[in-house]
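J.: Chains as they are written, first to last, in our numbering: chain A, 1 to 306; chain S, 1 to 102; chain L, 1 to 469.
These are calculated hints, taken from the structure and not from any lab test.
Each hint should be verified, as a subset may be incorrect.
As the list claims (entries may be wrong) - Derived, one-sided and incomplete: chain L residues facing chain S with beta-carbon distance under 8 angstroms:
(1) Phe-128
(2) Val-142
(3) Ile-153
(4) Leu-160
(5) Leu-165
(6) Leu-171
(7) Ala-175
(8) Tyr-178
(9) Ala-179
(10) Ala-208
(11) Leu-455
Unchecked claim - Some chain L residues well away from chain S (every beta-carbon gap over 12 angstroms; in silico):
(12) Glu-135
(13) Leu-184
(14) His-427
(15) Leu-461
Yeah, the Cβ is synthetic: ideal placement off N, Cα and C, and Gly gets one too.
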Amino acid sequence: MGELEALDLLLGLALVALAWRLLAAPDLFEGIVLFVTFGLLLSFAWVRLGAPDVALAEAAIGAGLTGALLLDARGAMPGASVEGPARLRWPVAVLAAATGGVLVAAVLTLPAAPAGLEGAVAARLEESGVAHPVTAVLLNFRGYDTLLELGVLWLAWLAVAAAGPRPDPRPELRPDLRAEAPTGPVLAALVSQLVPLLILVGAYLLWAGAHAPGGAFQAGAILAGGGVLLRLSGVPLPEAARAAPVVGLGFALFLGVGLAQAAAGRRFLELLPAQAHDLLVLVEVAATVSIAAVLAALFAGRRSVS
Amino acid sequence: MTLATWYALVGALLAALGLHGAVVRRHLLRKVLALNLAASGVFLLLVAPGARGPTTDPVPQAMVITGIVVAVSASALAIWLARRLHAETGRAALPDAEDDRA
Amino acid sequence: MPEPVVVAVTAPLALALAASLLGGRRGRWPGLLAAAAVVAAVALLTRDVVAHGPVRHQVGGWGAPLGIDLFVDGLALLFLWLSAGVGAAATVYATAYFHDDEAAGAFWPAWLTLWGGLQAVFVTADLFNAYVGLELLGLAAVALVALGGGRAIGAATRYLLVSMLGSLLYLLGVALLYAAHGTLDLSRLAAAAGEDGLERAALAAMLAGLLFKTAIVPLHAWLPPAHADAPGPASAVLSALVVKATLYLALRLWTALPGLATAGWLVGALGAAAVLWGGLHALRAPRLKLLVAYSTVGQLGYVLLAFPLLPSSAAVAGAAYQALAHGVAKAALFLAASTVLRAAGGDRLDDLRGLGHRLPVTAVAFGLAGASIVGLPPSGGFVAKWLLLTAAVRAGAWWVVLVIALGGLLAAAYVLRVVGRSLAPAHAGAPPLKAPRRLEWTALALALASVALGLVAAWPLALLEGLAP
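Next comes chain A alone, as it looks inside the complex (with noise of 0.2 angstroms):
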């Protein structure tokens, strides 16, 4: 990778100083400000690093979504952001910096010479089905991993959605659930100019996603910032972005194309050569709608629910 510049020394201070600042920030709303923040700054340090494709995962869910069920949340917990004394400080700050310590040490340790495993992916991407080395690890070489993953979203979506307890008494009444949204003219101009702008960025990462950076993942999360932002509008999303089968649609395809080579006497999610690009853009498709729905859904909570 490229040399150490002036800018990734200011970056990394930035970093840390931020993330110091918004933990110990009194007020709550100005934390999560600064986290969203220091999202971006990280966005830009996976740059410095090579990894685009990271940047836009970090920029799209970590800084943003995250940040905006943070803030959601935030508006919906009145009167209790008031944080009482720090427990255990000093125990858990001196055992914190031996950990930091050990980590540091053990980061120097390092050997100069890379010891990845760029050459293997390299050696094997034409039989990957995608020319793009990440979407190509992410999807094949280790998609099982992305198979649980995407399992891990769909629970994730269930458990906020689906597995409500005996209803909250009377959501109806309480004021943090209702679905009421500060509409005004400003907020519905943007929407309009927006959402179909976020529609086609998503669409584009996707269909970058098999030889540049981008993919599922990042189109899903910008397709969802669209439906959070139709939410926040007072759009009421389809009743569909949270039915079961679209939710489970992208865990479900993976699963059955997994096992239908397994059926057919490879190994489970060995996909021949000439057959695996075209099932892993039915597969990135069916994630990408999958993720939108869930991360929309999960903004939404059980307001829309109930």
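Dock chains S and L against chain A, hints included.
T.: Frame of chain A; chains S and L shown alone:
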């Protein structure tokens, strides 16, 4: 110092800061914030050493994308639980000990 | 047909999706199908391993280190059988446990996903894949606890935060190991790894994370409320199976990578503290399910007592057999306790008087499984503790012997608290109790199995002896 070492060091510090915050902070949303910071630190530690060569190792990049999705899933669940807890008890923090309640 | 190792993982996951589509109490049909598929797959897998030795399956056909390998040997089989047996029993129990569609509709997909995640952890040879499996299993477990509603929400929140923290510590270690060796496959790492500082730091972080998620004293406070407040079948699988996944990985790491061998006494000391602490709290617990949950804290400690004695084969066998025997007995105890809670509307220990007459099958199940927890012969718990004692005596670790003896006394005392009250005459006018027969008999079946594990111990131990690396 190289680019790889520098960002790995930043990752180590972020991980330690985040883990500390996750334990000492009491407000549940702050705990979620801290855990996400710690996760970012761990992710840097995964990818940065792969930037020692001429190109960046794609395998840890894919692992981190998986990790980011896992983290947002877990965070969403934690935030939802925090909201329910707040709705039911009016508190945004866990009580100190609830071991021996009858 | 897909290979058995693939079916063992994917059948519960695919059927979880089916249960979610069907919704409500209809999820029990995919549930029962998953139970049949898992038991059959593990049986076939056992046949393969006995005939040809450990099974390795290259997912995607790539092969480690580029791809992810699955690996099943005797140790993995022991845990797979634990998961298959207890999981099947909990599934049958759950078909009669949930009254209403909403709770059942939330339970079935979450439980089946949890089961798939558990199997995924037991069969993986890849450290990052194990992380994803642990997350799948962990989020599903939290979802199950949250089903309890009310008080369980706080317990679920605490559980999730601890679980996230533990996972990050584990991943920290994975990152360091990958940076140093460029592989995530455990057997390749075992061949490449040395005992330098980086290795030790990585192992320490991973082990701390895993033990955190296993609720080892002093990181145990999250477990008792989470396990006690969850719905019945969920309590059983959480206490019997979920904490075993992290324990299994810890055991695997410890035996494969030598970096921390000298720190075994530290893990053993934590185990000793857990045995005593868990036992003492179980003695004081006011509610039956809380007592059973504290017993888990103590019983997990026994497994850690084996760490300073590793890699002796008696210690490996003792640790694995304790995990197995505790799992089966603890599932029986939780199912029995949940039947009491449901039939009587409460589980305060003082209200258990006369249980022996009012719910005899459940009382017998509790007594038999309790005997295995105490370690009375001829139960599975007895064999496990005997193996641990043998390993300790051979190594001259007398403090381990002392802790095992004290732990046994404590366990006897808290089991007698329950059994003594069940045998006492009921309060005058106490209403007779009724429970669906399926609830009572599944608990009894598991309790009988926990005793039988002592009688047929030779077979699982041979699996372990002959095949352990």
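J.: If a hint holds in the structure, say so; if it does not, say that too.
T.: Cross-check of the supplied hints:
1. Look at L:Phe-128: its Cβ gets to within about 5 angstroms of chain S, closer than 8 angstroms, so that hint holds up.
2. A cut of 8 angstroms between beta carbons decides the hint on L:Val-142: the least distance to chain S is about 6 angstroms, and the hint holds.
3. For L:Ile-153, the shortest C-beta to C-beta distance to chain S is roughly 5 angstroms, which falls under 8 angstroms, so the interface hint holds.
4. Checking L:Leu-160 against chain S by beta carbon gives a least distance of about 5 angstroms; that is within 8 angstroms, so the hint holds.
5. A hinted interface residue such as L:Leu-165 counts as satisfied when its beta carbon comes closer than 8 angstroms to some beta carbon of chain S; here the least separation is about 6 angstroms, so the hint holds.
6. The beta carbon of L:Leu-171 comes within 5 angstroms of a beta carbon in chain S, closer than 8 angstroms, and the hint placing it at the interface holds.
7. Interface restraint check for L:Ala-175: the shortest CB-CB distance to chain S comes to about 4 angstroms, inside 8 angstroms, so the restraint holds.
8. Here the hint on L:Tyr-178 is kept, as its CB sits about 7 angstroms from the closest CB of chain S, short of 8 angstroms.
9. The restraint placing L:Ala-179 at the interface with chain S holds, with a minimum CB-CB distance near 4 angstroms, inside the 8 angstroms limit.
10. The beta carbon of L:Ala-208 is not positioned within 8 angstroms of any beta carbon in chain S (closest approach about 10 angstroms), and the interface hint is therefore violated.
11. About 37 angstroms separates the beta-carbon of L:Leu-455 from the nearest beta-carbon of chain S, more than 8 angstroms, and the hint is not met.
12. Residue placement check: L:Glu-135 does not keep its beta carbon more than 12 angstroms from all beta carbons of chain S (closest about 5 angstroms).
13. The beta carbon of L:Leu-184 sits about 8 angstroms from the closest Cβ of chain S, which is not more than 12 angstroms, so the claim that it is off the interface is violated.
14. The claim that L:His-427 lies off the interface holds: its Cβ sits roughly 19 angstroms from the closest Cβ of chain S, which is beyond the 12 angstroms cut-off.
15. No beta-carbon of chain S is positioned within 12 angstroms of the beta-carbon of L:Leu-461; the least distance is around 36 angstroms.
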